Amino acid sequence: SAVISQKPSRDICQRGTSLTIQCQVDSQVTMMFWYRQQPGQSLTLIATANQGSEATYESGFVIDKFPISRPNLTFSTLTVSNMSPEDSSIYLCSVEPGTSGRYNEQFFGPGTRLTVL
Amino acid sequence: LAKTTQPISMDSYEGQEVNITCSHNNIATNDYITWYQQFPSQGPRFIIQGYKTKVTNEVASLFIPADRKSSTLSLPRVSLSDTAVYYCLVGDGNNAGNMLTFGGGTRLMVKP
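So the protein lines, in turn, are chains U and V.
With the working numbering as the guide, the letters of the first sequence map in order to residues 134 to 250.
With the working numbering as the guide, the letters of the second sequence map in order to residues 9 to 120.
Hints were generated in silico from the structure; no laboratory data involved.
What you are looking at is a predicted structure, and each value in this text was computed from that prediction instead of being measured.
By construction, the Cβ of each residue, glycine as well, lies at the ideal position given by its N, Cα and C atoms.
Any given hint could turn out to be false.
As the list claims (entries may be wrong) - A few chain V positions that, by computed beta-carbon distances, are all more than 10 Å from chain U:
no., residue
1, P15
2, S49
3, R53
4, K60
Unchecked claim - Simulated restraints on C-beta separations:
no., chain 1, residue 1, chain 2, residue 2, range
5, V, K11, U, T153, 17 to 23 Å
6, V, P73, U, N205, 19 to 25 Å
7, V, A104, U, N205, 16 to 22 Å
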């Protein structure tokens, strides 16, 4: 398994500013993912962030808006840039350790609740 | 990627068995079926996974018919604490990072 922490747990930000969300894992993992979950909605994958390579973004998400860093096997950051109220959402990171004996099992962080005014 | 379809919501009472069905008509040969549970203000967590027939663990059972075009998550004797959103995912178990598409999920409300 994997234990994941995220910082901050929540924040209220002003329009036009940027927020960097941190994701820390208690073990080394190659595959890490960032999701967005808007209120009452399902999860939408933003990007895959594998250590040693550039992040791969899903349709509708671009690096300029959501730059990602993955400096090592236990840490990643997602920045939400030039925020607008439409960016108000919960941002979750997850990892796929590949060691649970189950295929593609993901472990999720608690999420970062972002409100943009 | 196989798309999944689930009921938007279900209501139940404590002590009842709850069955949530997920349709995945385009499931591929290498695809596994995985269910996650998400409580408010938490990330999803794994419940159960299967490929065919029946799988049971301490939390739930998963029934998969022979054609694998659907699956049913069965929660025995639910309690109030089972109130959550349940997601069905389908993806290629032979490749890492291939089960990342969450459908709409089923919001289960358990009443006293």
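Results for each hint:
no.: 1; hint: P15; result: holds, 14 Å
no.: 2; hint: S49; result: violated, 7 Å
no.: 3; hint: R53; result: violated, 7 Å
no.: 4; hint: K60; result: holds, 14 Å
no.: 5; hint: K11(V) <-> T153(U): 17 to 23 Å; result: violated, 33 Å
no.: 6; hint: P73(V) <-> N205(U): 19 to 25 Å; result: violated, 44 Å
no.: 7; hint: A104(V) <-> N205(U): 16 to 22 Å; result: holds, 19 Å
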